[in-house]
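Since the structure of chain P is provided, determine the placement of chains Y, W and G on it from the hints.
If you're matching them up, the sequences are chains P, Y, W and G in order.
Residue numbers for the first sequence follow this note's numbering, beginning at 1461 and rising by one.
Residue numbers for the second sequence follow this note's numbering, beginning at 1461 and rising by one.
Residue numbers for the third sequence follow this note's numbering, beginning at 1461 and rising by one.
Residue numbers for the fourth sequence follow this note's numbering, beginning at 1461 and rising by one.
Just so you know, the hints here were simulated from the structure itself, not pulled from any lab data.
None of the hints are false.
One copy or two, it doesn't matter: identical chains are merged, so the pair holds either way.
EDC-like, lysine to aspartate or glutamate: derived pairs with alpha carbons at most 20 Å apart:
| id | residue 1 | residue 2 |
| --- | --- | --- |
| 1 | Lys1739 | Asp1759 |
| 2 | Lys1739 | Asp1790 |
| 3 | Lys1739 | Glu1758 |
| 4 | Lys1645 | Glu1551 |
| 5 | Lys1739 | Asp1772 |
| 6 | Lys1739 | Glu1619 |
| 7 | Lys1511 | Glu1690 |
| 8 | Lys1739 | Glu1783 |
| 9 | Lys1511 | Asp1494 |
| 10 | Lys1511 | Glu1530 |
There are 4 protein chains.
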Amino acid sequence: MAEDSSTVRVAMIGYAFMGAAHSQAWRNVHRFFDLGVTPEMAVVVGRDGVKAAAAAERLGWQSSATDWREVIAREDIDVVDICTPGDTHAEIAIAALEAGKHVLCEKPLANSVEEADAMVAAAVSARAQGARSMVGFSYRRVPAVALMHRMIADGAVGEIRHVRGQYLQDWITDPEFPLVWRLRKEVAGSGALGDIGAHVLDMAQFVTGQQITGVAAQTETFVGRRPLPEGDGALGAATAGSGAQTGEVTVDDAAVLIARTDGGALATFEATRFATGRKNHIVLEVNGSTGSLVFEFEDMNGLRYYDGSAGDRAGFARIDVTEPTHPYIDGWWPPGHGLGYEHTFVNQARDFLEAIATGADPTPSFEDGAAIQRLLAGVERSAAADAAWTAI
Amino acid sequence: MAEDSSTVRVAMIGYAFMGAAHSQAWRNVHRFFDLGVTPEMAVVVGRDGVKAAAAAERLGWQSSATDWREVIAREDIDVVDICTPGDTHAEIAIAALEAGKHVLCEKPLANSVEEADAMVAAAVSARAQGARSMVGFSYRRVPAVALMHRMIADGAVGEIRHVRGQYLQDWITDPEFPLVWRLRKEVAGSGALGDIGAHVLDMAQFVTGQQITGVAAQTETFVGRRPLPEGDGALGAATAGSGAQTGEVTVDDAAVLIARTDGGALATFEATRFATGRKNHIVLEVNGSTGSLVFEFEDMNGLRYYDGSAGDRAGFARIDVTEPTHPYIDGWWPPGHGLGYEHTFVNQARDFLEAIATGADPTPSFEDGAAIQRLLAGVERSAAADAAWTAI
Amino acid sequence: MAEDSSTVRVAMIGYAFMGAAHSQAWRNVHRFFDLGVTPEMAVVVGRDGVKAAAAAERLGWQSSATDWREVIAREDIDVVDICTPGDTHAEIAIAALEAGKHVLCEKPLANSVEEADAMVAAAVSARAQGARSMVGFSYRRVPAVALMHRMIADGAVGEIRHVRGQYLQDWITDPEFPLVWRLRKEVAGSGALGDIGAHVLDMAQFVTGQQITGVAAQTETFVGRRPLPEGDGALGAATAGSGAQTGEVTVDDAAVLIARTDGGALATFEATRFATGRKNHIVLEVNGSTGSLVFEFEDMNGLRYYDGSAGDRAGFARIDVTEPTHPYIDGWWPPGHGLGYEHTFVNQARDFLEAIATGADPTPSFEDGAAIQRLLAGVERSAAADAAWTAI
Amino acid sequence: MAEDSSTVRVAMIGYAFMGAAHSQAWRNVHRFFDLGVTPEMAVVVGRDGVKAAAAAERLGWQSSATDWREVIAREDIDVVDICTPGDTHAEIAIAALEAGKHVLCEKPLANSVEEADAMVAAAVSARAQGARSMVGFSYRRVPAVALMHRMIADGAVGEIRHVRGQYLQDWITDPEFPLVWRLRKEVAGSGALGDIGAHVLDMAQFVTGQQITGVAAQTETFVGRRPLPEGDGALGAATAGSGAQTGEVTVDDAAVLIARTDGGALATFEATRFATGRKNHIVLEVNGSTGSLVFEFEDMNGLRYYDGSAGDRAGFARIDVTEPTHPYIDGWWPPGHGLGYEHTFVNQARDFLEAIATGADPTPSFEDGAAIQRLLAGVERSAAADAAWTAI
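The shape of chain P in the complex, shown without the other chains (with noise of 0.2 Å):
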């Protein structure tokens, strides 16, 4: 543990997109937010010693290392955050969370039920001593999408009759786009699904307070075969046998999907990866007896609200979502100053620091995570299985 109490000392294990966006929160979110404890960013993991000790230096950490199990018996490390792959996520969190450590974990929490219940167990044994974990659903920590959530708790839908998610992406519609890691199954788990469709899932379930309880879904790969990316000789042992300068592409580029939730509600649910002109595309939108609320990516500061109860005058309401009163915003900048997709995770950084620094057990936790994986494997089941109705 850190010498002061009042620090807390971070290793994060991974420094790609995801790295990035971690660091800057653990960079930054002292600065705008009062926390009992303060970050300090000790040490950022890599297999590649020359890459991580570049992303050191690039991303503000005091050291690297490139053996994630020596970092983490470290006895000044508090805090690991996985930002890594998920085929990885598993056996680097319980090893974190059976040092003692508190774990921040990329979503989707595992690649599988199976890892993600041990996760869980994990998780469960660790909170008993104090360690902390938590799954890095960001898209919760949009300042429009905790108001949704708060605002539906304090009934301001009514009881809810629809819910429907979309996450739409166009990074892959050229067939020539190569066989990143995201592509293949057995690093990324899945693709559109639980890359995209987990954040939307989740912000589903999240802003209503409803758990999704069966699902029909199908999916697709629409292009099956892509360029190996230069230089990846992973890859290319994969894909060894097949002659090929081209590999297979092993997960879904896309999923679709119908619920039902637990409080009697119809859902829709679609994340792609071939939406055209569509770059970074969240829509969700609950509609309840009394009004209806719709939060869209491109749009984050702002929140839509059709409040039923204002007569002629009703409309969807355009609510800026910049106010003081609004969630995270004290930290922030006057109002009709927006935010950017980084500070979802500064936001998410601040709920994990507060977490540590009060000893409460933050959201979403490990069982949160496994249940999005539950829900994953439902999908991908139904898929399997000609849309049959899955249960979840």
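Positioned in the frame of chain P, the structure of chains Y, W and G alone reads:
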């Protein structure tokens, strides 16, 4: 037949919401479009003679009648326009076609596949005798929807990957809203599914030129019993024995489904009357390999187009569909002076009359209408079987 | 006068764009609204007999004529509807009023303040004899604009601080677009200012209930000479001597102004035909001490309202102005089934006919029209004097 | 100077809203951009030592100080970043430049043209010695605004006809809002005009590459007296003699103006703090002969472009300005993961540091800032003279 070959005399059966919209079309279509034939509003038919006479006066019909069989038998009638609830479509349409009349029939074509098939048979026979038949999927006649169809056919989006359609309303969210005929299966056939879902399903197939090949669906009736409408004897009878002032809602309030098309696309659809704040919210989005198109009825004079070939200047562009080169617009106003809901019926009448004048068979044909009927039946079968995948 | 006191027989002078829009109104207004009187489309008047006869046939008038003086003299005519260019308004309107006819005159009321004043004098005299007069600021009849007026009068925004109005078009950005009559001062009076600026200035005064008391303005003619329209003898004569195939544009292409109102508000206005991409873009925003309202014509069935009393749930709400309690909507379609451009004329005819039926004086009156004329003249004087502040 | 030539040590004067935003920039800029130099947050300066020390701790500065003169005299300081109110800009900036420091000065450059001119003279002298100077018109660094600038320079809209700019806020609509320093002329220089109007005027000139040559303006102070802020001794003194708990608002609440540019365009501008519901609403639209561009800050990651060459498929397209080829984006996140308000300051710091590293002079220069000051002075002169046309 009318004495003047350039005049077609129309008999309209039914004069409620749809009857008013159709009347507006017959009254005005030849004022905006040059057609080979001119409609004459000969007679409106309704069971209640007094009300029918009042409707004739208000809507501009030359006369009224109470027996549609007699009207169909008249030699001076060329066109029969069916605006009644779905349970009467088959009988009227078949009789009219057998009498050699051109028939425009409101959607859904019928309340069952069997009825629809019988209507198709009648249409085929009559067609050989020169009688035209068309089903009233009026939203095809929104200029922006017709442009969407044209652009997709012209390759504006490439190979289609995704279709998502929503038709959301909110007029029965109040549990005290009465049990009107649209909520009774024996009259309406189905609920949101057939009333509005049919529209968006037809629009999706129309704009893509693809057919849905399979579905998994769920439907729901959120409010199971409702007050009887005042003075509705028929309904009173229908609920005799219950001893209550309420009756059972026998149709769906909402339907959600996922689907596949014969062109390899994944699709999602939703139709509901419980989306609070959504008055008549139709959204249809198509994502292709090189572009995307989005239509929203609340912005009915706009069409959003993402042209992937525009490089880093690409974006969803709102085409103001009011240029003379856009579908139907040459008959209307200068650029920027948009149309409203009712104009879809005028445009529909134009297409129907043009088909009569030129001796062509209009679309959507009764076969198209029957195909939608089969699709609706498939949705209902799937919903009844726990969302089992159902081939169409 | 018509024999049947419940019928008013209309003569329409001019049959171009506005004539077509007015004809649509006369043809349909009584099909949607219960009025004390029913319009009869008696005669359309145009200088060219063949064209006038064709217009009568196409637009649904019982007859045509070439001499408006003769028509005005006819006893069977109750209403004179003036749809000609502005240079003829005064002569026709005064003659019609002196003949005891009700007069609906297109805007702007006249091409000069002097003409407008003479028309007011005639209207005042005729009013005493029961002849109604109204000027056709049709955008007041957009339901959303009428609702904006009603809400402001009801205190929905508090004390008005700001008004900003824009009317942007782009139909003459091409320098090869010909020198049509709207670009010639002797016919049109002014350019963008009188044609479209007049609308948005009237709308601003209408919705706020405040009058503009002073302006500073600039106008500009971006393209000074244009090709003569083909076969336009009158124009050919007008440019005789130039020896060229082009003629001088003698009106403004654009006008910008700042203003103050008698209610203490600051205002900005802009009217242009050179806003590339803006087809018929009208925006009117009013900011008050407790709320704001925004209308955009491209979303003509919507009105955006910010209700400052909603605390941190406040936002600009899009009211779908299609509820039966909204202005004019009780005559039209169910919620969510919006209107189009032409319906403003139907609603206008409704108000005019209702005034005739009830013996009330309709608004906007000729006095209102003359006030706008004075405002337009003030804008032109300011622009001619280097934007000098000009009291209205 | 810093010992390591690749490090620049920064002193920031002032630590309120702007100071926090600048600190975030200094803390993070080198984490996202490869620069020839790395900023070191040496010292933050404030009059109150305790508060300054707390600010240093919170914002991440190595130390704090109370005397900016002493700090400027220090050899280890390379950059002076001025974040104080406008009344102190000239004195600090001139002293810093004379001491050979690079100076980044918040906008508006000064509170008077005289001050601004003196600052320019100092900048010119210092420039010859290699000291860089820049004024903080941060909205130029919104990627969409920078893209707008680039596209216009590339001819994307043709010859510019119209510019319209609005900067609307509503934070003082409540008459009970206190008399903060921004409402006092002796500190702030002017009100909405200089605070936010300066931004949109600068943006307009920046994106068009044109200069405003004349204006006619009106300003207004809607609420003339306001409660004194609690515990504001300075203000208490300022109103000594009034014996009241309120003080006089000595700046404008709102300014409206029309303008002409040296490129032949007509322009309108508005800046206000009384637009209820508009939190930080910046709109800038440019209409050219062949296209148009629109920026709205509430959608800061989007830019709307109308490309007139697209024929009847043309429409305002929302470019999602998050592609790596867009300005600044190569340093940030993947497409679709937008930025927020604060990133404009990071991008600004990037440009400033790059200029230092490469020995180039950054823009906007002090000359640019002084030109804006002259423009603001012209607006005030016009407003004081009943909107008389005032050459700039």
